[in-house]
Amino acid sequence: MELITGAEILVRCLKEEGVEYLFGYPGGAVLHIYDALYVQEDVKHILVRHEQAALHAADGYSRACGKPGVALVTSGPGLTNAVTGIANAYMDSVPLVVFSGQVPTALIGNDAFQEVDAVGITRPCVKHNFLVRDIKNLAETIKKAFFIATTGRPGPVLIDLPKDVTIAKAEYHYPKKVKLRSYNPTIKGHAGQIRKAVDMILSAKRPIMYTGGGVILSDGSPELVELTQLLGYPITNTLMGLGAYPATDKQFIGMLGMHGTYEANMAMHDCDVLIAIGARFDDRVTGKIEKFCPHARIVHVDIDPSSISKNVQVDIPIVGSVPNVLRAMISVIRDEKLKPDTEALGKWWRQIDEWRGIKSLSYRQSNEIIKPQFVIQKLYEVTQGQAIITSDVGQHQMWAAQYYHFDRPRQWINSGGLGTMGFGLPAAMGAKFAFPDQDVACVTGDGSIQMMLQELATMKQYNTPVKIVNLNNGYLGMVRQWQEFFYQKRYCMTYFESLPDFVMLAEAYGHVGMRIDKPRDVEGALREAFAMKDRTVFLDFITDQTENVFPMIPSGGGQNEMLLAERDEMVSTHDEGMVLL
Amino acid sequence: MNNNNRHLISILLENEAGALSRVANLFSARGYNIESLTVAPTDDPTLSRLTLVTSGNEQVIEQIVKQLNKLIDVVKLIDLSETDAIERELMLIKTKANGEQRAEMKRLSDIFGGRILDVTDATYTIELTGDGEKLDNFLRAVERDAILEVVRSGATGIARGQKALHI
Ligand SMILES: Cc1cc2nc3c(=O)[nH]c(=O)nc-3n(C[C@H](O)[C@H](O)[C@H](O)COP(=O)(O)OP(=O)(O)OC[C@H]3O[C@@H](n4cnc5c(N)ncnc54)[C@H](O)[C@@H]3O)c2cc1C
Ligand SMILES: Cc1ncc(C[n+]2csc(CCOP(=O)(O)OP(=O)(O)O)c2C)c(N)n1
Ligand SMILES: [Mg+2]
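Here the protein sequences come in this chain order: A and B.
Each residue of the first sequence is one higher than the last, beginning at 707 in my numbering.
Each residue of the second sequence is one higher than the last, beginning at 108 in my numbering.
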C-alpha cells in the first residue's frame, strides 16, 4: 500500500480529471502543493501576476473550450485577491474548481498568519465550497467538486486546504463516480410540459425566441439552430447568449436589452408568445418588469428551477437541460408534422423588417476621428468574423457585442453578470491556452485594461499572443455616458488626466505596441497586427471621447421606450459606401 | 387575499460544518424574512433537522423553497404550511409569584397546560408548549411586569398522518 502526501493526491486527481492547465500563484500555505507540481509535467501550472487573473484566465479557458477551469491560490491575501474572479464566474455560471491554501488545521480560528475564513468569505459567491480537514476525504472531495462545478447549472466550487492536510500521507484512491444524495439536477424535461409548450409555441401569431448563456453552457447551439429554423421564428440573444445562434442568419434580430437592437426590443414588447431558453430575465434585459412583454404567454426552459419565475411569472416552466428539452420539442413537432401559423408569421416578419429598417445601430462616421464602432467593424472584417473575442466592461464591451457578429458559440467571452473591469485580458490569455491556433482579441478600454495590465508579463512568459484592441477614449466612458444623460454632464471622476503611453508600456513588457489615431489607418493597423501571429500586439486606438452607446433603454424604461442615436445625424452602418473614409 | 403568509419550513440538512450558515446566509443575502430558526440532530447522525419560520407572498415563498433546495447541503424539505401539520414550540418563562399573584399565576399555568418546573418564594419558572399563537396568548394573559424572563425555542413541526419527511 503506497502512501502519498495530500499535495501529491491533489496533483494526481487533477491529472485524472484531465486538467491541462492550473492557473495559480504560490505562497506559504500551498508550498507543498507547488513541490508536488515541480516533479511532474502532466498538469501545467501557469504563473499569473495576480490571483484575480488566475481566476479570470481559468474562467476564459473554460468559456472557450467548455472544460472546467482550475486555479490555485495561497491562503489569506491569495484567496481574497481571488474572490472577484470567483464571484465573476459565479454570476455567469462558469464551471471552475478553485483550490486555496489554508493555515494548518490546528491554527484555524487563531488569527494565524495569513488566515482568512475562505469558506465563509466565498460562501455567497460559489456554487459550493469545502474545507478539507482530513486527508482521508481529500480525493473524494476533489471528485465531488468537479462533479458539482460541471453539472446542472455550472459554477465555481472552492476547496480550502489546510497546509497539514497537504503534508499528511494517505493511500490514494480516486473514486470513478460520486453520488450526492442532496444534489441531482434535472436534465430531461417533463414530457407533459414539453407537449404543452409545443402547443403554445405553435399557436403563436407573434412569437420570439429569447435565448441566453444557458444554451452555450450546455452546448445546445445545434439544437437551438435546428428548432429555430424549423419554426422560422425570429430569435434574439442576451449578451451572454451571443453566438449560440449565428448572428449573420436572417432570423437573428440582434441582442436585446438595455443596449439591444430596436427590432429585438420591439419584438419582445409586442410578442404574444415568448420562448425563453437558458436565459434568466436579468434586469438589463427586462427593463421595468411591469412593462415587460405585456401581451406574452411565456415558456421558459432552464436547468435551475430558481431561475424560473424569479423576476417574471411564466406560464409553462420546463426544468431541464437545453439540448435535451429542445430535442424533445423537435421530435414532437416532426413526428406529428406540426406547423406554425405561416400567415401570421409572414405578417409578423413584415413588422419586424419595418423595425429593422430603423437601423438602430447606425452611427455618425467621421474622417477625422476614429469612431469606436468603426474599429469593431474593421476588427470583424479583418478577422473574417472568426476570432475569439474577449471583452472588458464598459462602452467598448457593448460595441463589441453589437458590431462583431458572432456566428458560433464560445466565440464571445465577456463578464455579464458581475461586469468585472479587468476580466478581458486574463480571459483572453485563458482562451489562447485553450485554442493556441486561433486568433484571440481582447476588446478593452483605457480604464479596464489598467486593472489587469500586469498580465502582459504572463503572456510574454508563456507566449500567448493576443491582439489587444484598446478603445481609448480617455474616459470611464460608460460611466461618463450616464453622467451625460442623467447627471447633466457633471463628469465627476470619469476623465483620466493621466494615462500611460500604452505603446511604450507594451514594449516594456516585450510586446508590440501601436497607436492609431486616424480612421484611415484602422484597417491597416489591424491587418498588420493579426499578421504577427506569434506576437501580442497592443493596439491603442485613440477614439472619439464623447461617443455614446445606442440604442439605449434607460433604467426603468419599457422595452418600447428606446433612446436612439440622434436620427438626423445618423449614417447607416449596414449600407456599404455610407461609411466615409 | 392575505399575501404575506407565515410559512413553517422543515429541512433535512447534511450534518456538516457550515451547513447551518449556508441556510442563514441565504436568508440574509437575499433579504428574506426569518422569524425563527431551530436546528438539532436527528436519529440519523448524518442529518440535522432545521425548522424555520418565514413570511412572504406566494412568489417569495416559491423562491425561498427553490433557493433552499439549490443548496447542496439541503437534502429534503417540506413547507409544513402547505399540509396538515402540527406545530410546537417550547417556552420557559420566569414570573414573579408574590402574594396574590402566586395563586393567579398557578391558575393561568394550569389553564394553558403549563408545568411549574421551579419554585422560589418569589418566582415560578413555567414550561409551556404549543403553537406560537398559544404561547403568545399566554404571554398576553400574564401581567406585563410580572414577567422576569422569557425563553422560546422557536417553532418546530411535523406533518399529520402518513406523510413523513425522511430520506
Ligand atoms: C455594461 C453592461 C451592459 C449590459 N447590457 C446588456 C444588454 O443590453 N443586454 C443583455 O442581454 N445583457 C446585458 N448585460 C448582461 C446582463 O447583466 C446579464 O449578464 C445577462 O443579461 C444575463 O444573460 P442570460 O440571461 O443569458 O443569463 P446567464 O447569466 O448566461 O445565465 C444562464 C441561464 O441559463 C441557465 N442554464 C445554465 N445551464 C443550463 C442548461 N444546461 N440548460 C438550461 N439552462 C441552463 C442558468 O440556470 C441561467 O438561468 C450587460 C452587462 C454589462 C456589464
Ligand atoms: C471593477 C469595476 N469597477 C468599477 C466598475 C464600474 N464601471 C463600469 S463601466 C466603467 C468604465 C469603464 O471604462 P473603460 O474601461 O475605459 O471603458 P469605456 O466605457 O470607456 O469603453 C466603470 C468604471 C466596474 N464595472 N468594474
Ligand atoms: Mg474608456
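What the hints contain is simulated information worked out from the structure, not anything from laboratory work.
A quick note: this is a predicted structure, and the numbers were derived from the prediction, not measured.
Idealized CB from N, CA, C, for every residue including glycine.
Please note that a few of the clues may not be correct.
[To be verified] Footprint (simulated), chain A over chain B, 3 or more residues, beta carbon under 8 Å: (1) 180 to 188; (2) 233 to 240.
[Unchecked claim] Simulated crosslink set (DSSO-like; lysine-lysine; CA at most 30 Å straight-line): (3) B:Lys-241 / A:Lys-994; (4) A:Lys-849 / B:Lys-173; (5) B:Lys-177 / A:Lys-883; (6) A:Lys-773 / B:Lys-213.
Here is how each hint holds up against the structure:
1. 180 to 188: Result for this restraint: holds, n = 4.
2. 233 to 240: violated (count 0)
3. B:Lys-241 / A:Lys-994: violated, 44 Å
4. A:Lys-849 / B:Lys-173: Within the cut-off at roughly 25 Å; holds.
5. B:Lys-177 / A:Lys-883: holds, 21 Å
6. A:Lys-773 / B:Lys-213: violated, 70 Å
The structure is inconsistent with the numbered hints 2, 3, 6, although it conforms to all the rest.
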